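Enquirer: Here's the letter readout for the chains.
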Amino acid sequence: MLIGRAVRCATRLRGGGTALPGLVMERINPTFLSRVLAPLPHGVAVISGTNGKTTTTRLVVELLRGQGLQVLTNPSGSNFSRGVASSLLGQVDAFGRLTADIAVLELDEAHGVRFVTDVRPRHSLLLNVFRDQLDRFGEIDSTARLLHEIALRTTGTVVLNRDDERIAGIASSIDGVPVRYFGVDASLLDRFPGDDDLHGRGADRRAGDAGADVLLTAMDEHRATFEFDGRRHTVDLRLSGSYNQLNAAAALAFVRAVLGDEVDEQALLRTLSDVTPAFGRGEVITVGGRPIELILVKNPAGFRLALESFDPAGCATVIAINDHANDSRDVSWLWDVEFDRLRRAGVEMVTGIRAAEMDLRLRYDDIHPVHVEADPRRALRAILSSGSDLPVRIFCTYTAMLQLRRHLATLAHVARID
Amino acid sequence: MTAPLRLVHLYPREMNIYGDHGNVLTLLRRLEWHGYRAEVTAVHRGDRLPPDADLLIGGGGQDSGQGLVESDLLRLGPDLTAMAADGTPMLMVCGLYQLFGHTFHTSSGRVLHGVGVLDIQTVGSPERLIGNVVAVSEEFGQVIGYENHSGRTTLGTGAAPLARVAAGMGNNGSDRTEGARYNNVIGTYLHGSLLPRNPTIADHLIATALQRRFGSANLRALDESSTGEARRVALTRPR
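The listed protein sequences derive, respectively, from chains E and C. Here the first sequence stands for residues 760 to 1177, where the numbers follow our numbering. Here the second sequence stands for residues 38 to 276, where the numbers follow our numbering.
Isolated chain C (complex conformation) (with noise of 0.2 Å):
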């Protein structure tokens, strides 16, 4: 019998805030339910990186948080780089999504260092960027999220947006982009949780994970009628 596929979750101690943890949940969920195994291995501050690791996840954070885990983040960047450069599936939300970036100086006047897999520059703003986001993906459709951040992320030219924002504020609230994606990586600002009220971006990861794996990915038709009907109430809910 195969291993089960490999996720791994970053700093679920510290990085842990506004439900993330509903994104792992959601990806071993449809992997059992798309008939494939996977196990979840949490990497806490100090901890290596598995050999194995076919998918990673990792949430938003207090700044409080993300003080603590910058220095080792950083400690895990040239894998992290590899990874990504290689291909890995990862999908990292709010504040890992701001240190997966080169910088992020935050509106105290701290610098924080990213570990650069994303090229994508964040500056802190003394008002929060808070509600419902509708952003538009052409490849994914509606995405359909919750914001809650102070940083305003820019993206470079090595960095593509996840999708365009259509009511919401996003990336920084200007320029009308959502999250940033270079090879098979994802940054979002997104909570909700993101992946399961976007069934197609869980299915992508799983997906990227499992043809990397096994050459192939033969996923389940679901059924997605409670999703559907969770994300046309969302669609109605004020900002």
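If we strip away everything but chain E, and leave its shape as in the complex, we get (with noise of 0.2 Å):
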């Protein structure tokens, strides 16, 4: 344990690697992680599915902190077991004890299994399954099985999303442990596209036919209605974007779940409308009076549900896509994209090591962006420098956008990612 914690601390001092720690101490004591969290009062809380993860695990952390528990996370992003482990380790006393009520934790598809394994989740969410990074994941198919493994070995809650078919099917052959939902209003289904929804489904699209613990009746953009116990609450959310309310009510129902009888409703609506954005995940940052608004995109539907979702006119819009590792090396996803809805604005800038592909993307749906400069710093620069005082909105792969953040931070206060 003083091991784990003395290498925690160096890689601190060196200014990175979150996961580190929490390899040295899985080598040297595989059972860490399951040893540590088994006295936990309230368990082991796990939320995975593709798009969603990093906001809604903050959402439930935050509205069950807003509820006096002591909550335990990985803030971090760094979702593997390892930099659960790096995580714990900095939350631990010398004894190697926890004080928290439970732990909240983000799980990758890929990587949950194998936690999971380890460690049982006593209650699981699972938002969504879209095809996404198929060089590093395989098919959606094989996403949902992954997603599938953590809710059987459940031994709480399983809170699933009612109207993505994926995710909903798993119900079926769940046994022994109850399962709730949470879901959207038929009125809203369409601005909720799905994979299935871009090659010619739409039509036949329906609501889930499960009932809904917690449902999104309605939204506009900072304000959302949600629906539970037959009644409806609006909440004004700092939040933005249709996926993030949705989030929100897997949030809601999420913690419905866990705390059952004891949730205090109103604490519980004044904290969600408090909630502030995830780093990168629609979190604006000021230069020079000027909010910079940085939404990370990773796969076809939640570039999709961006687009969806905010109003591109009186905002210069950038496009930054990179295509490490963590992005997915394949860009051929961005031709599933349809960016109609930027033609009328246009696209003041693409940048990133695909910037020039993105270009051609937007050429063949009659768009030309003004700029192309593949280097994220100086299109920065020149997009501040422009004499435009309009806000700036920057959909961004994930590197792009820690790099975007990384050259930001230089220029204004930006939040620490911890």
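Please keep in mind that the hints were generated in silico from the structure rather than gathered at the bench. Hints should not be assumed to be uniformly reliable.
[As the list claims (entries may be wrong)] No more than 20 Å apart at the CA atoms, straight line, and that leaves these computed lysine to any residue pairs for SDA-like:
{"id": "1", "chain 1": "E", "residue 1": "Lys-1057", "chain 2": "C", "residue 2": "Ala-258"}
{"id": "2", "chain 1": "E", "residue 1": "Lys-1057", "chain 2": "E", "residue 2": "Ala-969"}
{"id": "3", "chain 1": "E", "residue 1": "Lys-1057", "chain 2": "E", "residue 2": "Ala-1072"}
{"id": "4", "chain 1": "E", "residue 1": "Lys-1057", "chain 2": "E", "residue 2": "Ser-999"}
{"id": "5", "chain 1": "E", "residue 1": "Lys-1057", "chain 2": "C", "residue 2": "Arg-274"}
{"id": "6", "chain 1": "E", "residue 1": "Lys-1057", "chain 2": "C", "residue 2": "Ile-167"}
{"id": "7", "chain 1": "E", "residue 1": "Lys-1057", "chain 2": "E", "residue 2": "Arg-1100"}
{"id": "8", "chain 1": "E", "residue 1": "Lys-1057", "chain 2": "E", "residue 2": "Glu-908"}
{"id": "9", "chain 1": "E", "residue 1": "Lys-1057", "chain 2": "E", "residue 2": "Glu-1042"}
On a predicted model such as this, the values are computed, not experimentally measured, just so you know.
Build the complex from these two chains, which are given one at a time in their own frames, with help from the hints.
Expert: Rendered as structure tokens:
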């Protein structure tokens, strides 16, 4: 334990590497995770799915803290077993004891299975399955199977998205533990297109059959209405984007499943309205009075939902595409996104390693980006020195987002990722 | 006014993975930029092939999608074989490339039967071939794409390779061939999407379709500077 903590301290000083101390600890003591997590009164709650893991985990953590619980989590987006072990090391005392009530962990779909084999979660929340980084996870069906494994290892309650066929389908093979659902009202379904709707299935799309514990029934830009316990609650949100409003419904359903009758409803809604976006997920960084919004896009469904969620008018749109292993080496996915919605307002800049590919993609939708600049630092500089005061919205892949945040940190205050 | 060129997209619901939608979009846009009108007809399971089809496009799918379309594709087999023999241009990528061959023995032990338009056989392997590919074709020049497939495909004597692999694996990782051609049918493992990255192939398919329909094809010189830059960058990327 002390060794792990020392490594954690050393890597912090070096300035990076959230997973290394966990790796060291895991090598030395493979039962570390299960042993440390076992005594938590509310057990371990895990959140997984293709899109929305980080924001939903943040929501669940904040909602539980708002209910007075001490919550452990892995907030660095380092969502693998080792990252989890690393974060825990920072939160145990010298005797290896945790003082928390519950651990709320974001699990990567692939590494999640390994984690739940070591540590059985009491509660699990499964958000969605989209095609994502096929070069890494293979096919969508195999991703669904991985999430299925997480559900099967759950000892308490499984919370599922009733409107995602592959997620809702998991319920049929779960035996002995309760299953609850979150969902959207049928009138809002067309605001949440899935992969299967891209190629002409849209017309026969319908809401899932299961009754939802929490239902998203109405939304506009910064306000959403949720129905639970037979009543509707309208909440002002600091999160933007329709998909984050659905993530909020998921988080509400999950917290209700974890706490049962103990939930203080008023506190729950109050906390919900205060939750701010996670880094790079709708995060706004202000430079010289000019708001710069970073919106992470990782896959066709996420990009389509993001385009659908935000009005491009009155905004300088930037798209930043990298193709490192954490982004998807294969950039084919850009061709599964329709960019028509950006045509009228235009695209100010494309940047990132694959800026040229993005430029080509946009031209096939009759959109001609004003600037193509592969280097994100130069791209930012050009935008900020253009004399325009329009807010900037940057759709960016994962590593492009990290780069942009780093450059922005030299110009303005940027919250630390920890 | 003459009827628009009829593009036929095979099984877009089941076989639509890895951005192959970009191939259809590219054909549509380039036809428009060349001054022609075109329309896309989707052929779903149970549908008939439009009798006026000028160009057929098909993409990759998941194993489950491939299983779903297998028997329906066999129903269309005789028509597809006749059209291919007659010279109709077609582009089949990945999953449908495999099913345009004779058989696909999957790594899980299933045997999928193809329509045999292309003289190729495919055998699945537990290890997927994944990564950027550069191949060279005498006719089309450097062909750039991205592969992600478990099948190892070998060509029979009735099929010619689309290109020779310079970087990457291609059909099977051993004989350096990539893709297959028979008459005006092109099969390939390359996503990317293939056609926007490789406009020489796109315009070849377009010119063949126009030639067959109108007896001539008048293609304009298009501004390919964005394409050139995207290709230049793609060539610098690791596997």
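Enquirer: Now tell me, hint by hint, if it's right for this structure.
Expert: Hints and how they fare:
no.	hint	in the structure
1	E:Lys-1057 to C:Ala-258	violated, 35 Å
2	E:Lys-1057 to E:Ala-969	violated, 29 Å
3	E:Lys-1057 to E:Ala-1072	violated, 23 Å
4	E:Lys-1057 to E:Ser-999	holds, 17 Å
5	E:Lys-1057 to C:Arg-274	holds, 19 Å
6	E:Lys-1057 to C:Ile-167	holds, 19 Å
7	E:Lys-1057 to E:Arg-1100	holds, 18 Å
8	E:Lys-1057 to E:Glu-908	violated, 23 Å
9	E:Lys-1057 to E:Glu-1042	holds, 16 Å
Violated hints for the displayed structure, listed by number in ascending order: 1, 2, 3 and 8.
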